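Enquirer: Chain by chain, the residues run as shown.
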Amino acid sequence: MKILRINMSDLTYREEEVPADKLLLGGRALTSRIIKEEVPATCHPLGPNNKLVLSNGVLTASMASSAERTSLGGKSPLTGGIKESNAGGTAGLKMGRLGLRAIIFEGIRDDFYTVYIDKDGVRFEKADDLLGKRVSESAQLIYEKYGKNVGLYMIGVSGERKMNTAAMANADKDGSPTRFCGRGGLGAVAGAKGIKAIVFNDEGVEKNRPKNPDVYKEALKQYSLSLRENPGTGKLFPELGTAAMVRSTNKLGALPTRNFSTGSFEHYKSISGETLREIILERGGEGTPTHNCMPGCAIRCSNIYPDKDGKAVTSPIEYENIGLLGSNLGIGDMDQIVELNRLCNELAVDTIETGAAIGVAMEAGLLEFGDFEGARQLLLDLEADKPMGRIIGGGAELVGKIYGVRKVPVVKGQAMPAYDPRSIKGLGVTFATSPQGADHTAGQTVRAQVDHHSPEGQVKISQKSQVVNTIYDNLGLCYFAAGAVGPNLDMLARLITGYIGVEVTADDIKNMAKQTLKDEHEFNRMAGFTKAHDRLPEHFYEEENPASGTVFDVDQEEMEAIGVEGNHAG
Amino acid sequence: MQVKVTCMIPWRSELTGDHQIPDGMTIREFVEEKEIAWDQEALVTVNDRIVQESYVLKEGDHIYLLVPVVGG
Chain Z
1 MKILRINMSD LTYREEEVPA DKLLLGGRAL TSRIIKEEVP ATCHPLGPNN
51 KLVLSNGVLT ASMASSAERT SLGGKSPLTG GIKESNAGGT AGLKMGRLGL
101 RAIIFEGIRD DFYTVYIDKD GVRFEKADDL LGKRVSESAQ LIYEKYGKNV
151 GLYMIGVSGE RKMNTAAMAN ADKDGSPTRF CGRGGLGAVA GAKGIKAIVF
201 NDEGVEKNRP KNPDVYKEAL KQYSLSLREN PGTGKLFPEL GTAAMVRSTN
251 KLGALPTRNF STGSFEHYKS ISGETLREII LERGGEGTPT HNCMPGCAIR
301 CSNIYPDKDG KAVTSPIEYE NIGLLGSNLG IGDMDQIVEL NRLCNELAVD
351 TIETGAAIGV AMEAGLLEFG DFEGARQLLL DLEADKPMGR IIGGGAELVG
401 KIYGVRKVPV VKGQAMPAYD PRSIKGLGVT FATSPQGADH TAGQTVRAQV
451 DHHSPEGQVK ISQKSQVVNT IYDNLGLCYF AAGAVGPNLD MLARLITGYI
501 GVEVTADDIK NMAKQTLKDE HEFNRMAGFT KAHDRLPEHF YEEENPASGT
551 VFDVDQEEME AIGVEGNHAG
Chain C
1001 MQVKVTCMIP WRSELTGDHQ IPDGMTIREF VEEKEIAWDQ EALVTVNDRI
1051 VQESYVLKEG DHIYLLVPVV GG
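Protein chains in written order, with our numbering: chain Z, 1 to 570; chain C, 1001 to 1072.
Hints listed in this document are in silico derivations from the structure and should not be mistaken for laboratory results. Any given hint could be a false lead.
To be verified - What follows is a list of derived Cβ distance ranges for each label pair:
#, chain 1, residue 1, chain 2, residue 2, range
1, Z, E456, C, I1021, 27 to 33 Å
2, C, E1014, Z, G370, 34 to 40 Å
3, Z, K211, C, I1021, 52 to 58 Å
To be verified - Not the full set, but computed from the structure, chain Z residues with beta-carbon under 8 Å of chain C:
#, residue
4, R123
5, R247
6, S248
7, E318
8, Y319
9, E320
10, A418
11, D451
12, F480
13, G483
Stated by the list, open to error - Stretch-level coverage of chain Z by chain C, calculated; a stretch enters the list once three of its residues show a Cβ under 8 Å from a Cβ in chain C:
#, region
14, 234–245
15, 431–445
All of these numbers come straight from a predicted model, not from anything done at the bench. Note that the Cβ used here is the ideal one computed from N, Cα and C, for glycine as well.
Produce the complete structure using the sequences and hints provided.
Expert: Below is the structure:
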């Protein structure tokens, strides 16, 4: 396994071997370790001292189910702190086959290049023909030029313009560039480095084989069985996708509605997973309610949404997008939500941040809640590089500052995903204390059978979940598998041992995750974060969520003990 | 004693409706009697609050069996 170091200023590269004792450093563990060790925490995120790190998880490219995720890391222009954002798709698989654990991008430049990587090395090709276009069009040009079997990462117009909402796209198994490392504006960091696209061609490369096939095969058998037998991963995700959450969070008073002003939405049924499935099945054609973004994924939570003529509109329609682009905007029509989602994908902007930004614009009275046409126009303004588009592309906090809105659902500058923290208080703790800013995948607690409305015990649950989520981020595994794997990590330890050929224990995996959190908090401390940043916006403490009848009231000192100054992650 | 159930688990929708139960039955006993694995196959609320397994059901309680997944 190698680490590839690319300097975008002078377009040079060199390869470094991953030492055997670092083989357990993958995904978020590796991006965060490199950022902590090599990036001055006080640097400008878009400047020459920031680095952009792409890292496969330890199991990425092993072909174990749901294990093809890749992490993207750097100092975030949105939060000003350390950032990791990961996605499924196919690029990680191709990158892994080329023998690469990670790529470190250094330097900056004003023009744009495609970084082409195959078994013979790296080529830098001017990317002028890809600029200013929608992501699907640029991807098509890449496939025409390099072949349809290549893996790719690319930014959209948002990244070219270095917007805080800019994401990086990669393609699903059908070549559709609709999987995003969405959070934290890392697409802008890529843009600052002049990276328009990264193309992986694994032609002529043998597929990866486990170093200890007997151990690997036995562990894989158990792992695959647990995914099949668990009701969530075996039945619910394939049938309803993550949108199955809509009715649950609405019931718990946690579905963000009209800029997080309440937690239940009168049109929740029309934006539920059940309705989504009905529409897709009724329209048929290219649509499907069950789809895997990564080859061989058994969970298959993705879907392809068709229009009335059965032609694919976009993929996937997920819970977070329905929450932020739907109920959060007062929009209860599935076709309208899908259209906003499609535009976000085409512009490669984070759907969560963009939905929250439009919600704040609605709160400011720039447009009415429920105004689909107005929301759509804002995205078209973003594409056309109009001032209003620049404002929305700056993210929710910026919109709030420009228009004098105090109710802005962000922590450390990053928008909350689709859970009102007054109703799922463990997630509120995660939003407040995670080094990543408000992020449900940094410590998801909604699945726990606990009273989410009570402040008691939430810090402990969040702390545990933050470690669990980090484990999955480090391994390149989708965290949806966590429900099936359960608390016993021995199965994962054997899977890794079989794949990399180095003895790994459950404790090793857990300790690595705890160390990752410590690394991230340390970077943030050096960047100037204090316990004052480990808080939710003021109004969540003072104004009741009418749907749940609760405010956020978890003990602040208890939260700070696991935050940037406490850092007792574990 | 009667309790009401709303089941959101697609393949167990027949559970939606009124159920007669004995006095002193806990929510976990009720859920397991219906062959749903506790803390595995459902998130369980009673009267809109997620409850502990030891919660003793009362006349008129409204049980929701929510889907056990997370958002992505």
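Enquirer: Are the hints correct? Go through all of them and say.
Expert: Each hint tested on the structure:
Separated by about 28 Å at the C-beta atoms, Z/E456 and C/I1021 satisfy the suggested range of 27 to 33 Å. Checked against the hint of 34 to 40 Å, the pair C/E1014 and Z/G370 passes, with Cβ atoms roughly 36 Å apart. For the hinted restraint 52 to 58 Å between Z/K211 and C/I1021, the CB-CB distance of approximately 55 Å keeps it satisfied. At its closest, the beta carbon of Z/R123 sits 34 Å from a beta carbon of chain C; the interface hint therefore is violated under the 8 Å criterion.
The interface hint given for Z/R247 is met, as the beta carbon of that residue sits about 5 Å from the closest beta carbon of chain C, less than 8 Å. Contact between Z/S248 and chain C, as hinted, is supported at the beta carbon level, the nearest pair being about 4 Å apart and thus within 8 Å. The criterion of a C-beta within 8 Å of any C-beta in chain C is met by Z/E318, whose closest approach is roughly 6 Å, and the hint holds. The beta carbon of Z/Y319 is positioned within 8 Å of a beta carbon in chain C (closest approach about 4 Å), and the interface hint is therefore held.
Interface hint status for Z/E320: upheld, as the beta-carbon distance to the closest one in chain C is roughly 5 Å, under 8 Å. Taking 8 Å as the C-beta contact cut-off toward chain C, the hint placing Z/A418 at the interface holds, the least distance being around 6 Å. Hint on Z/D451 holds. Least Cβ distance to chain C is approximately 5 Å, under the 8 Å limit. Given the 8 Å rule on beta carbons, the hint for Z/F480 holds: about 7 Å separates it from the nearest Cβ of chain C.
Hint status for Z/G483 relative to chain C: holds, with the closest Cβ pair at about 7 Å, below 8 Å. Requiring three or more residues with a Cβ within less than 8 Å of a Cβ of chain C, the coverage given for the region 234–245 of chain Z holds, as 8 such residues are present. Evaluation of the coverage hint for the region 431–445 of chain Z: fulfilled, as 3 residues show C-beta separations to chain C shorter than 8 Å, against a requirement of three.
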